[in-house]
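Number of protein chains: 4
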Amino acid sequence: MLTNIRTTRIEWCDCDPAGIIFYPRYFEIFDTCTTVLIERALGMNKIEYLKAYNFAGHPLVETRARFRRPTRFGDDVAIETKLVECGRSSFQIEHRLTKQGALAVEAFETRVWVAADGGDPPQIKSQPIPDEVLARFVPA
Amino acid sequence: MLTNIRTTRIEWCDCDPAGIIFYPRYFEIFDTCTTVLIERALGMNKIEYLKAYNFAGHPLVETRARFRRPTRFGDDVAIETKLVECGRSSFQIEHRLTKQGALAVEAFETRVWVAADGGDPPQIKSQPIPDEVLARFVPA
Amino acid sequence: MLTNIRTTRIEWCDCDPAGIIFYPRYFEIFDTCTTVLIERALGMNKIEYLKAYNFAGHPLVETRARFRRPTRFGDDVAIETKLVECGRSSFQIEHRLTKQGALAVEAFETRVWVAADGGDPPQIKSQPIPDEVLARFVPA
Amino acid sequence: MLTNIRTTRIEWCDCDPAGIIFYPRYFEIFDTCTTVLIERALGMNKIEYLKAYNFAGHPLVETRARFRRPTRFGDDVAIETKLVECGRSSFQIEHRLTKQGALAVEAFETRVWVAADGGDPPQIKSQPIPDEVLARFVPA
Numbered sequence: 234m235l236t237n238i239r240t241t242r243i244e245w246c247d248c249d250p251a252g253i254i255f256y257p258r259y260f261e262i263f264d265t266c267t268t269v270l271i272e273r274a275l276g277m278n279k280i281e282y283l284k285a286y287n288f289a290g291h292p293l294v295e296t297r298a299r300f301r302r303p304t305r306f307g308d309d310v311a312i313e314t315k316l317v318e319c320g321r322s323s324f325q326i327e328h329r330l331t332k333q334g335a336l337a338v339e340a341f342e343t344r345v346w347v348a349a350d351g352g353d354p355p356q357i358k359s360q361p362i363p364d365e366v367l368a369r370f371v372p373a
Numbered sequence: 234m235l236t237n238i239r240t241t242r243i244e245w246c247d248c249d250p251a252g253i254i255f256y257p258r259y260f261e262i263f264d265t266c267t268t269v270l271i272e273r274a275l276g277m278n279k280i281e282y283l284k285a286y287n288f289a290g291h292p293l294v295e296t297r298a299r300f301r302r303p304t305r306f307g308d309d310v311a312i313e314t315k316l317v318e319c320g321r322s323s324f325q326i327e328h329r330l331t332k333q334g335a336l337a338v339e340a341f342e343t344r345v346w347v348a349a350d351g352g353d354p355p356q357i358k359s360q361p362i363p364d365e366v367l368a369r370f371v372p373a
Numbered sequence: 234m235l236t237n238i239r240t241t242r243i244e245w246c247d248c249d250p251a252g253i254i255f256y257p258r259y260f261e262i263f264d265t266c267t268t269v270l271i272e273r274a275l276g277m278n279k280i281e282y283l284k285a286y287n288f289a290g291h292p293l294v295e296t297r298a299r300f301r302r303p304t305r306f307g308d309d310v311a312i313e314t315k316l317v318e319c320g321r322s323s324f325q326i327e328h329r330l331t332k333q334g335a336l337a338v339e340a341f342e343t344r345v346w347v348a349a350d351g352g353d354p355p356q357i358k359s360q361p362i363p364d365e366v367l368a369r370f371v372p373a
Numbered sequence: 234m235l236t237n238i239r240t241t242r243i244e245w246c247d248c249d250p251a252g253i254i255f256y257p258r259y260f261e262i263f264d265t266c267t268t269v270l271i272e273r274a275l276g277m278n279k280i281e282y283l284k285a286y287n288f289a290g291h292p293l294v295e296t297r298a299r300f301r302r303p304t305r306f307g308d309d310v311a312i313e314t315k316l317v318e319c320g321r322s323s324f325q326i327e328h329r330l331t332k333q334g335a336l337a338v339e340a341f342e343t344r345v346w347v348a349a350d351g352g353d354p355p356q357i358k359s360q361p362i363p364d365e366v367l368a369r370f371v372p373a
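Protein chains in written order, with our numbering: chain C, 234 to 373; chain X, 234 to 373; chain H, 234 to 373; chain Y, 234 to 373.
By construction, these hints were calculated from the structure, which means they are not laboratory data.
Hints are supplied without guarantee of correctness; some may be wrong.
No copy is singled out in the list; a pair is fine if it fits within one copy or between any two copies.
Quick list of in silico lysine-lysine cross-link-like pairs, DSSO-like style, CA-CA up to 27 Å [stated by the list, open to error]:
#	residue 1	residue 2
1	Lys332	Lys284
2	Lys315	Lys358
3	Lys358	Lys284
4	Lys315	Lys284
5	Lys332	Lys315
6	Lys332	Lys358
Sequences are here, hints too, so could you generate the full structure?
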């Protein structure tokens, strides 16, 4: 199962007047974690893999998160990101963000593989994940 | 049941290289919607109500969202926000964001009423929602 | 001279642990103000005008800002945006953000009109502002 | 003269529909760079130094930036941050952001040392930088 661990620091700009992280920032962090997981699986950065597979991205169709303890500017956190399920055109990711070993946030996301679908304004539509990618996402 | 409807426009700065909204921006929008719902219920703005009830905020403990269709810069959207449940120290909010009448995102959030709890660094802890606030949140 | 006035509210999510706006948020506000100024001058929204003139945007080459008094969440502010100079392929914008009539921030920006220029990764390059646009930017 | 170099990666979430960084994100990056410069000079993290010197922060009173070449998601950049001038209650910072050695952005900022000044809503006011801090900022 694909797994990746990143560390980052919660910054002043991530925090709100209560002095704790403003929760949408977690989703920015998680989005980057998912990108890094895929980059490492495919051995390409995002600009490259969008082009190599001629697709438009992997937007979310669903997410949920539990915030168990707050984080503050200056906190060093680690995020463990896992591909927990992979279908024909969608996949599920789990993130666990910890602070000094204690679980602070856990999140789940379901993403779809989409291509540009013409139209004006341009539309996107779900399409099958390429076999070559599936082979990296779910090694036999 | 407390309800509020706001309209806003998805801006260029909310969108990513795929040309659609970067999903954490939805949570920023929803956070503001929750604030406005409470401000209207209490007849005070957030600076005033944080002070009036001597508390530190109403952070999320859980959220989930379904993204049903993408939005783009220039899209005018409406967000209907409802208080769907209210406990002793927590409450649940539902948001439905529509674009030209079609549901684009639905989200749920559970928030707790917290006070500063001293400590170094300062901690926060959950506390009962004041009766006066409850009376506004859940009119008899 | 093209001028536009918008009003907006500084939100909780715009503010940092000092309780005042985190200054990069001002640039997000100003970027939207510039977009709205151009949209009104051209009678098209940004998606439409990017397409109509087949260009890639009007990124900044320079900006400067003075922050004269802080703003806080809940503050209603007005932003007056003016096109103060217009060259062949660049233009200058001035923003004045006021709170209850008092100047809080003034900012200047120089933007260029750019087109996609192929390459891998794709490059952008400056190009002349179309005559039709100039005629709207600087009415004879 | 105090100097610090940080490296960071421009992420998908930093970029706009033109595929390049949305320029306010540079100011978020620079704000963190200034914080890190001060943290290293003082040997404390920001939570600690705000407390140690009983002040409310070092907001900007002025900034300017030149954007010389765009950056994109996936770009690794380096930011050299210098304290270029230090007065009694304000100081100036210069940032130079490079991509593969080429200058992409240069920015200047003037910041003031402020304390909470009571009032309702709370005000802030400029105050002298403590001698102990000056000694670290401008070693004799």
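Against the structure, the hints come out as follows:
{"no.": "1", "hint": "Lys332 <-> Lys284", "verdict": "between (36 Å within a copy, 22 Å between copies)"}
{"no.": "2", "hint": "Lys315 <-> Lys358", "verdict": "within (25 Å within a copy, 31 Å between copies)"}
{"no.": "3", "hint": "Lys358 <-> Lys284", "verdict": "both (17 Å within a copy, 21 Å between copies)"}
{"no.": "4", "hint": "Lys315 <-> Lys284", "verdict": "within (24 Å within a copy, 38 Å between copies)"}
{"no.": "5", "hint": "Lys332 <-> Lys315", "verdict": "within (18 Å within a copy, 31 Å between copies)"}
{"no.": "6", "hint": "Lys332 <-> Lys358", "verdict": "between (38 Å within a copy, 18 Å between copies)"}
No hint from the list above goes unmet by this structure.
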